[in-house]
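Undergrad: These are the residues of each chain, in order.
2 protein chains.
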Amino acid sequence: MGKKVSSAVIRRLPRYYRYLDELHAKGVVRISSGSLAAEMGLTASQIRQDLNCFGGFGQQGYGYNVEKLRNEIADILGLKNYSRAILIGVGNLGRALINNFNFNRCGFQLIAAFDVAPGTVGSKINNIPVYHIDTLESFVGSDPPELAVLTVPSADTVEMASRLEKLGIKGIWNFTNRDLRPEDVSLKVENVHFDDSLMTLCYMIHET
Amino acid sequence: MGKKVSSAVIRRLPRYYRYLDELHAKGVVRISSGSLAAEMGLTASQIRQDLNCFGGFGQQGYGYNVEKLRNEIADILGLKNYSRAILIGVGNLGRALINNFNFNRCGFQLIAAFDVAPGTVGSKINNIPVYHIDTLESFVGSDPPELAVLTVPSADTVEMASRLEKLGIKGIWNFTNRDLRPEDVSLKVENVHFDDSLMTLCYMIHET
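Protein chains in written order, with my numbering: chain E, 5 to 212; chain V, 5 to 212.
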């Protein structure tokens, strides 16, 4: 790692990763910035600019080595760290994530989930044990996992986030309807907003 | 409606809507572009530029009327249309969306869901009836809903999307791991990517 890349570029890297990974899976070895641009709906010059930020893996006239570039992006994002993650709130959404979401692909390893419901606590979902939330502190102890996935009711968001912060968790992937802001907690947060893409789709459907 | 706004601005409108709606709920009547910018982590000049695209609701020195601006954005996005939506694939994620997601807020009204599982078909989830996917064509008939939410297994994505297109559905909110591209179907699509935000968070956690 050790490379410093602007946050706008960082936000685009997962998309590059996704496309390159798919190209690699299809057996594509090398791709020009023009073709990658067409594939991703960007301009070739934007792609060259972005990828130059961390060394520039393209050779003039030869394009990019798909696998090498994909691996480099994975390194920058830290996707090979497989940091430990816990999930708080095993409702429908929590359950859907435990069962279907590929945490490994995104650099994490889900190790446990927490809830309060009697039927859920003590069970295993997709091999992940579900513990009572009251045991969170003793589970974490002095070796906090890096990430917490937050799928609790909105009203519990801020309280749970500051509890997680006190435990030494470094980041929260927040699925609740209550955004976490810098004034709520000082750890790293990504608020997930389904609604934004649906509102955009609403516009597109009615546009013509 | 009838106003033509660039797609980059359109993509930012849901975020404006979210913030303005929250401010309105808190009782804020008027806000300066500077304060709105600080709240949203943008620059005042970007906000003025964006909002000028559709008439500019700010008066120099007086700021924006929060409720009026929120309603105008809702109008542009078409959030008051409450277009009909169906959901295909009642697994954990589908169930989580039916139970917890506020479709109304995003301009839609969920009217039915479809699946194949014997225990699920024939039931109601949060008052939404679940029908067998074989009855999709007869359910839709000559009056197709505007939107389909796709929460089927990845392998079924493209086939189901083109089936929905033939039925006259206008847009797909795609939650599968298989992106829908312009070469797959020609209706409007939003591919939802949880992973992008988690990969970004992965970077941020390891950054320092």
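Any given hint could be a false lead.
Note that identical chains are pooled: a pair holds if it fits in a single copy or bridges any two copies.
Said to hold, decoys possible - Quick list of in silico lysine to aspartate or glutamate cross-link-like pairs, EDC-like style, CA-CA up to 20 angstroms: (1) Lys84 x Asp200; (2) Lys72 x Glu26; (3) Lys174 x Asp200; (4) Lys84 x Glu71; (5) Lys174 x Asp199; (6) Lys170 x Glu26; (7) Lys84 x Glu211; (8) Lys72 x Asp160; (9) Lys174 x Glu43; (10) Lys30 x Asp188; (11) Lys84 x Asp199; (12) Lys128 x Glu163; (13) Lys128 x Asp183; (14) Lys30 x Asp183; (15) Lys30 x Glu187; (16) Lys174 x Glu211.
What the hints contain is simulated information worked out from the structure, not anything from laboratory work.
Undergrad: Determine for every hint whether it applies to the structure shown.
TA: Here is how each hint holds up against the structure:
| no. | hint | verdict |
| --- | --- | --- |
| 1 | Lys84 x Asp200 | between (30 angstroms within a copy, 15 angstroms between copies) |
| 2 | Lys72 x Glu26 | within (13 angstroms within a copy, 45 angstroms between copies) |
| 3 | Lys174 x Asp200 | between (26 angstroms within a copy, 18 angstroms between copies) |
| 4 | Lys84 x Glu71 | within (15 angstroms within a copy, 46 angstroms between copies) |
| 5 | Lys174 x Asp199 | between (26 angstroms within a copy, 18 angstroms between copies) |
| 6 | Lys170 x Glu26 | neither (39 angstroms within a copy, 28 angstroms between copies) |
| 7 | Lys84 x Glu211 | between (42 angstroms within a copy, 14 angstroms between copies) |
| 8 | Lys72 x Asp160 | neither (43 angstroms within a copy, 31 angstroms between copies) |
| 9 | Lys174 x Glu43 | neither (35 angstroms within a copy, 23 angstroms between copies) |
| 10 | Lys30 x Asp188 | between (44 angstroms within a copy, 17 angstroms between copies) |
| 11 | Lys84 x Asp199 | between (30 angstroms within a copy, 15 angstroms between copies) |
| 12 | Lys128 x Glu163 | neither (26 angstroms within a copy, 33 angstroms between copies) |
| 13 | Lys128 x Asp183 | neither (29 angstroms within a copy, 30 angstroms between copies) |
| 14 | Lys30 x Asp183 | between (38 angstroms within a copy, 15 angstroms between copies) |
| 15 | Lys30 x Glu187 | between (45 angstroms within a copy, 17 angstroms between copies) |
| 16 | Lys174 x Glu211 | between (42 angstroms within a copy, 11 angstroms between copies) |
Taken one by one, the earlier hints fail for this structure at numbers 6, 8, 9, 12 and 13, listed in ascending order.
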